[in-house]
Amino acid sequence: MLSIKNLKVTVEDNQILKGLNLEVKAGEIHAIMGPNGSGKSTLAHVLAGRPGYDVTDGEILYQGKNVFEMAPEDRAREGIFLAFQYPVEIPGVNNTSFLKKAVNEIRKYHGEEELDAVDFLQMVKAKMKLVGMDPAFLRRPVNEGFSGGEKKRNEILQMAVLEPTLGVLDETDSGLDIDALKTVAEGVNKLRTEKNAFIVVTHYQRLLDYIIPDFVHVLSDGKIVKSGGKELALELEEKGYDWIPQAAATESM
Amino acid sequence: MNANETKQHFLRQLDAWLANPEHRDTPIHRLRQAARERLDVSQFPTTKNEDWKYTNLKPFFENDFHFAPQLGTGFQLPDAKSYQIHADAWTMVFVNGHFQPAASRLDGLDESITLVPLDKADTSRPDSDLVRILDCMGRTEEDIFSDLATAFLHNGVYLHIPKNVKLDKPIHLVYLSTDSETPFFTAPRNIIALDQGAEAVVTEHFQGAEGAIYHSNPLTQILVAENANLTHNKLGLESEYAYHVGRMVVNQSQDSRFSTWSFTLGGRLVRNEIDVLLDGSGSEVHLNGLYIATGEQHMDNQTYIDHAVPHTTSTEHYRGVMNDHGHGVFTGRVLVRQDAQKTDAQQMNKNLLLSKTAQADTRPQLEIFADDVKASHGATVGQLDEDQIFYLRSRGIGEAAARHLLTQAFANEIVDSVPHEEMGNFVHSIVNQRLS
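Chains A and B supply the protein sequences, listed in that same order.
With the numbering used here applied, the first sequence covers 12 to 264.
With the numbering used here applied, the second sequence covers 7 to 442.
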C-alpha cells in the first residue's frame with residue numbers, strides 16, 4: 012500500500028529526514044517511535060502534503076501512485092488521513108458543516124452521490140458513538156475551545172467518518188489522560204480492517220498497550236535505525252532511546 | 007469637478023429648492039435655512055482632515071448629483087421580493103427619496119405608536135418633540151454632510167414608541183434607489199425615539215438597483231430613554247456605482263440598551279458614522295459591523311462612543327473582508343470622561359485581506375480621563391491562516407473551497423451574532439453571494 016524509499020526532506024535548510032525507508036501493507040499497523048527531533052512528525056506531515064517541506068530525494072508510492080504529484084486534498088480523497096498532533100482551531104466553521112463538506116468532496120471525487128443532511132447526520136452520530144463523543148460537539152466550531160483530549164477525539168472522529176485507507180496518527184497520545192487514550196485507541200481498533208493500514212507515530216510506548224502494532228520502527232536522526240515486533244516498544248520503554256544508535260551499529264556489523 | 011465646484015453645485019440646487027414657494031415658514035424650514043447658512047463656510051473634507059485621512063472623496067466629486075428627482079410616469083415599484091426580509095414586519099418603503107404608501111405595511115400598528123413619513127408628521131409647533139430633536143441635531147454639527155442632510159430635509163421616518171410599549175414585530179425601513187437618467191441624491195432623515203422602558207427592533211435598509219448612480223446622505227437620530235432597549239440593523243446594499251455617507255447619532259439614558267449591526271455589502275464609496283452618547287449610568291451600547299469591499303469599493307466606518315457618566319458599557323466588534331483593490335477603514339474613537347468611573351469599554355476590529363492590492367486601515371482611538379476603567383482594544387489586519395487551509399485540505403476539501411469556507415467563517419462571526427433569525431438568514435445569503 013505504501014512504499015517509502017530513501018526519503019530525504021529538508022525544512023528551512025535543515026535536513027530532517029536522511030534516507031528513510033518504510034513498507035506498509037494493507038491490514039498492518041506500524042508504530043514509528045523515536046526521540047524528539049528525530050523526524051517523526053516530519054514524516055507524518057510529508058505524507059499528508061503539508062507545504063514548507065522540501066523533498067530533496069527519494070519517493071513515496073501510495074497504492075502505486077507518486078504522492079508528490081498529488082495535492083493534499085487529493086491525497087485525502089485517495090484515502091490518506093493525518094490525525095494531527097496539534098489540530099488547529101477554526102472559529103466560525105462548525106463541525107457539522109466541516110465534516111459534511113469533507114465527506115461530500117471525497118464522495119464527489121469518487122463519482123459518488125453527495126450525502127444529504129439527514130443521511131449525513133445519521134452516519135456521523137453513529138461514528139460519534141464509536142469514538143465516545145457527545146453529539147453536542149457537532150454544533151461547535153471546529154476544535155475551538157476544545158480541551159487537548161477533545162481535539163484528539165475529534166481527530167479520531169474525522170478519521171472514523173472519512174474511513175481512510177491509510178491512517179497516520181501523529182503523537183495522538185500526547186497530552187491525553189489514560190481514559191482519553193483508551194477511547195482513542197478503541198476508536199482506532201474498531202476502524203481497523205484487512206483493507207486499511209495505520210502508522211502510529213509516538214514518543215511513548217503506552218499507546219501501544221492499547222493499539223497493538225505489527226511492527227515497531229525506531230527513527231533516529233532522520234533514518235529508521237531499528238525495526239522489530241511489538242516487543243521492541245517495551246524494550247525502548249525500559250532502556251530509553253540512548254542505546255539505539257549503538258545497537259543499530261552493532262547489528263549491521 | 008473639484009471639492010468646491012461640487013459644493014457650489016449642491017448649493018445652487020439647494021437655493022433653488024429652498025426658494026420653492028411651497029415651503030412655508032415652518033419650524034422645519036427654519037432649520038433648513040440655518041443649515042444653509044452654515045454651508046456658506048463648511049467645506050468638503052480632504053484627506054488632510056484627520057477624520058478623513060483614509061477616505062478620499064475624489065470619485066464622489068466626479069459626479070453631478072441632482073436632488074431627488076420626481077419619479078417618471080412609467081415608474082414601477084421594485085418587486086418586494088428583492089428587499090423583503092421578514093415574513094411579518096411594519097414596513098415603510100421609499101424610492102429615490104419618495105415615500106411609497108402602496109408598498110408600505112403599517113396596518114395593525116397600535117395607535118399609541120407613531121410611525122409616519124416625516125412629511126406627514128406634525129412639525130407645525132416649534133415645541134413639539136420632533137422639532138426639538140431635529141433642531142438639537144442641526145445645531146451641534148459642523149459636518150458638511152450633516153448640514154446637507156438638514157438643509158435638504160425632505161422626508162424620512164418619524165418613529166416614536168411610548169413608555170413601556172414593546173413592539174412584537176420588527177420595523178423595516180427600506181430606501182430603494184432605482185436607475186435614473188441623471189445621477190441623483192437623497193437625504194433621508196430618520197428619527198427613532200423610544201420612551202422609558204420601550205423596546206423595538208428597527209432596520210434601516212439601503213438598496214440600489216444594479217447600475218444605478220446616486221448618493222445617499224441619510225441622517226438618523228436615535229433616542230433611547232431610561233430602561234428602553236433598541237435593536238437596530240443598518241443594511242447597506244447600495245449599487246456598485248453608489249455613494250453613501252450616512253450618520254447616526256445616538257443618545258442614551260440611564261439603564262438603556264442599544265445594539266446595532268451594520269452590514270456594508272455594497273456601494274462604490276461608503277462611509278458610516280456612528281456617534282453614541284452614553285448619558286445615563288447603567289446604559290450600554292453594542293456596535294457590530296461587517297464590511298466587504300471588492301473591486302474598487304471603499305468602505306469606511308467611523309464610530310465614536312462618549313462615556314459621559316459613571317457605570318456605562320460599550321462593546322464594538324467590526325470585521326472587514328477586502329479583495330481586489332477593495333479598501334476598508336475603521337476608526338473607533340472612545341472617550342471616557344473624567345467622571346465616567348467604572349466604564350467598561352471593549353473594542354475589536356479584524357480585517358482580512360484576500361489580495362495583495364486590497365487595503366485596510368484601522369485606528370483605535372481611546373481617550374481615557376477616568377482612572378477606574380476597564381478598557382481594551384484590538385486591531386488586526388491579516389490573511390487567511392495557512393495552517394487552517396492545510397487542515398481543511400488534508401480532509402479532502404479543495405484549496406479554493408477551503409479559502410472560501412474560512413472567509414465565510416471570518417464574516418460569519420458577525421453575521422451569526424445577529425439576534426433576529428430572519429435578518430441573520432437574509433444577511434447570510436447576501437454575504438455568501440458577495441464572497442463567492
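Any given hint could turn out to be false.
To be verified - Capping the alpha-carbon separation at 25 angstroms, the derived lysine to any residue pairs in SDA-like fashion look like this:
no., chain 1, residue 1, chain 2, residue 2
1, A, 19, B, 393
2, A, 119, B, 119
3, A, 76, B, 260
4, B, 380, B, 308
5, B, 356, A, 152
6, B, 172, B, 130
7, B, 169, B, 308
For the record, the hints were derived by calculation from the structure and aren't laboratory data.
Cross-check of the supplied hints:
1. A threshold of 25 angstroms between alpha carbons decides the hint, and for residue 19 of chain A with residue 393 of chain B the separation of about 23 angstroms falls inside it, so the pair holds.
2. Taking the CA atoms of residue 119 of chain A and residue 119 of chain B, the gap is about 56 angstroms. The hint is violated against a cut of 25 angstroms.
3. Restraint check: the Cα-Cα separation between residue 76 of chain A and residue 260 of chain B comes to about 70 angstroms, which exceeds 25 angstroms; the hinted pair is violated.
4. At roughly 22 angstroms between alpha-carbon atoms, residue 380 of chain B and residue 308 of chain B fall within 25 angstroms of each other, so this suggested pair holds.
5. The hinted pair formed by residue 356 of chain B and residue 152 of chain A meets the criterion: a straight-line CA distance of about 19 angstroms does not exceed 25 angstroms.
6. Our distance criterion of 25 angstroms between C-alpha atoms is broken by residue 172 of chain B and residue 130 of chain B, whose separation comes to about 29 angstroms.
7. For the given pair, residue 169 of chain B sits about 31 angstroms from residue 308 of chain B by alpha-carbon distance, which is inconsistent with the 25 angstroms threshold.
The structure is inconsistent with the numbered hints 2, 3, 6, 7, although it conforms to all the rest.
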